[in-house]
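**Student:** Fit chain B to the known structure of chain A by using the hints.
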Amino acid sequence: MIPTLEQIKARIEQSVPGARLEIIPNGSPANQPSLLVSNEHAVDVAKFLRDDSELRLDYASNATGIDWLEKVVKEKVKVKRMVEGVEKELEETVEKKTPAYLEAVYHLYSMSLKHGPIVLRLRTENRTDKTHLPSLTPIWRSCEFQEREIFDLYGIIFDGHPDLRRILMWDAFKDFPMRRDYVAPDDYEYEPTPHDAVLEKAKCHFPIVETPEVKP
Amino acid sequence: MIDEGLQNEMKKQGVFTTSLQDLYNWGRKSSVWPLQFGLACCAIEMIAASMARFDISRFGAEVFRPSPRQADLMIVAGTVTKKMLPQVVRLYNQMPEPKYVIAMGACAISGGPFKEGYNVLKGVDRYLPVDVHIPGCPPRPEALLHALMTLQKKIETDALTGEKRPRHLQADAPSEFPIPEFGEHDLVPSKNEQLWKPAPVVRNE
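Residue numbers (the working numbering), protein chains in the order written: chain A, 106 to 321; chain B, 5 to 209.
The following block holds chain A by itself, in its conformation from the complex (with noise of 0.2 Å):
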């Protein structure tokens, strides 16, 4: 058997000093937790995983990026306050604010040991100039193309990748079209039946011609 998540953050930490370690829970039905780790020891974290006799994930099935944007969230807050001299419990709501950031995700297995996956995420600073993760290509080579897709349509720079270069569009081209901001070439032809934002775009791009009203 597979040891827990956190078992597996335990034998990680004990194992690879320093390493920053975060398991993020998944609340869909899935219920498949998660584990962050920290860029600076990511290989040697991935190292380890490889190589233990216990877990040997020697097998990256897929890698995949997401775009998290800056978004407020609202918690509710018990605090303790006094009201008319008299403590009482009440709930308040905090907003918070996430940072936004680029995520890369790894899907590990185990070939020889036929279990997984365990996931593994890694997380850039932001998501505009300090968008470097370390490539985990050199522990398993099944990443090489998937980062190189990451790179290409989230803008992720693999540190470490024998090479990175564009991979679905072509090298010239400069925008990362799977983040959430990205907006796509304005290249609009007509639409039988637009609504909402495409009824938008087929005013600006179709100006409203007035036609003589038709008596029967």
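I should point out that these hints are in silico values taken from the structure, not numbers from a laboratory.
Quick caveat, the model's predicted, so the values are computed rather than measured.
Errors might be hidden in some of the hints.
Dumping the calculated EDC-like pairs for lysine to aspartate or glutamate here, alpha-carbon to alpha-carbon at most 16 Å [unchecked claim]:
1) B:Lys119 / A:Asp292
2) A:Lys306 / A:Glu294
3) B:Lys195 / A:Glu294
4) A:Lys179 / A:Glu200
5) A:Lys279 / B:Asp135
6) A:Lys235 / A:Asp172
7) B:Lys119 / A:Glu296
8) B:Lys195 / A:Asp292
9) B:Lys119 / A:Glu294
10) B:Lys87 / A:Asp257
11) B:Lys201 / A:Asp292
12) A:Lys176 / A:Glu200
13) B:Lys119 / A:Asp291
14) A:Lys181 / A:Glu159
15) A:Lys202 / A:Glu175
16) A:Lys235 / A:Glu249
17) A:Lys306 / B:Glu120
18) B:Lys195 / A:Asp291
19) A:Lys219 / A:Glu159
**Tutor:** Frame of chain A; chain B shown alone:
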């Protein structure tokens, strides 16, 4: 021109008459050789059309040519991505006149289900002069055969002289079309302005 009634009467007597134009067009329409290339799942239907059950050779179009120099017809079978388009236009330019284009399937016509994608061209008619459009996703082999018959009808009615003669008989008509460059955000230019104009829309609120 011989009167049609007289022509039929002579045929009964074993005398076959024709015009140079009919002979020329008959020869061309009966040996439309397609270029052997496919871009996506529509190509599978194109292959099926060339197999025994549907048998595209009944129409003289079974000789799929691996070289554009020997091909008359380009069947754009599948999604044309922006990265692939310059190669498609280049292949078309390398085909000798007279040459025809069939846009097969929703993707080749308009981008199809991938129309809103960042990487998909919204219809190959933005860069190439398309003769026949086949709707469908993918179209059945019968639809491809019908498109071929439609193209044959078009070739049949071509005039050798006059204003309406086809492009390959006009000395000043273009036989090559500009190949777009890869730009920083899109293909440059994003469409061939001479070739493609969106349908004019009159709309009342």
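**Student:** If a hint holds in the structure, say so; if it doesn't, say that too.
**Tutor:** Right, here's what the structure says about each hint:
1. The straight-line distance between the Cα atoms of B:Lys119 and A:Asp292 is roughly 11 Å, inside the 16 Å bound, and the hint therefore holds.
2. As the CA atoms of A:Lys306 and A:Glu294 are separated by approximately 10 Å, the hinted pair is consistent with the 16 Å bound.
3. With a C-alpha separation of about 12 Å, the suggested pair B:Lys195 and A:Glu294 falls inside the 16 Å cut-off, and the hint holds.
4. Distance hint between A:Lys179 and A:Glu200 is fulfilled; the C-alpha atoms sit about 5 Å from each other, no more than 16 Å.
5. Annotation: proposed proximity of A:Lys279 to B:Asp135 is violated, straight-line Cα distance about 35 Å (limit 16 Å).
6. Using a Cα cut-off of 16 Å, the hinted pair A:Lys235 and A:Asp172 holds, with the two alpha carbons roughly 14 Å apart.
7. Taken as a hint, the B:Lys119 and A:Glu296 pair is honoured in the structure, with Cα atoms around 12 Å apart against an allowance of 16 Å.
8. Among the hinted pairs, B:Lys195 with A:Asp292 is consistent with the structure: their alpha-carbon atoms are about 9 Å apart, no more than 16 Å.
9. About 11 Å separates the Cα atoms of B:Lys119 and A:Glu294, which keeps this hinted pair within 16 Å; it holds.
10. The suggested pairing of B:Lys87 with A:Asp257 holds, with an alpha-carbon distance near 14 Å, which does not exceed 16 Å.
11. For the proposed pair B:Lys201 and A:Asp292, the alpha carbon gap of about 12 Å is at most 16 Å, so the pair holds.
12. Among the hinted pairs, A:Lys176 with A:Glu200 is consistent with the structure: their alpha-carbon atoms are about 10 Å apart, no more than 16 Å.
13. Restraint check for B:Lys119 and A:Asp291: satisfied, since their Cα atoms lie roughly 12 Å apart, inside the 16 Å limit.
14. Our distance criterion of 16 Å between C-alpha atoms is broken by A:Lys181 and A:Glu159, whose separation comes to about 41 Å.
15. The suggested pairing of A:Lys202 with A:Glu175 holds, with an alpha-carbon distance near 7 Å, which does not exceed 16 Å.
16. For the hint linking A:Lys235 to A:Glu249, the alpha-carbon distance of about 21 Å lies beyond 16 Å, and the restraint is violated.
17. Our distance criterion of 16 Å between C-alpha atoms is met by A:Lys306 and B:Glu120, whose separation comes to about 13 Å.
18. Between B:Lys195 and A:Asp291 the CA atoms are separated by roughly 12 Å; this keeps the pair inside 16 Å, and the hint holds.
19. Restraint check: the Cα-Cα separation between A:Lys219 and A:Glu159 comes to about 11 Å, which is no more than 16 Å; the hinted pair holds.
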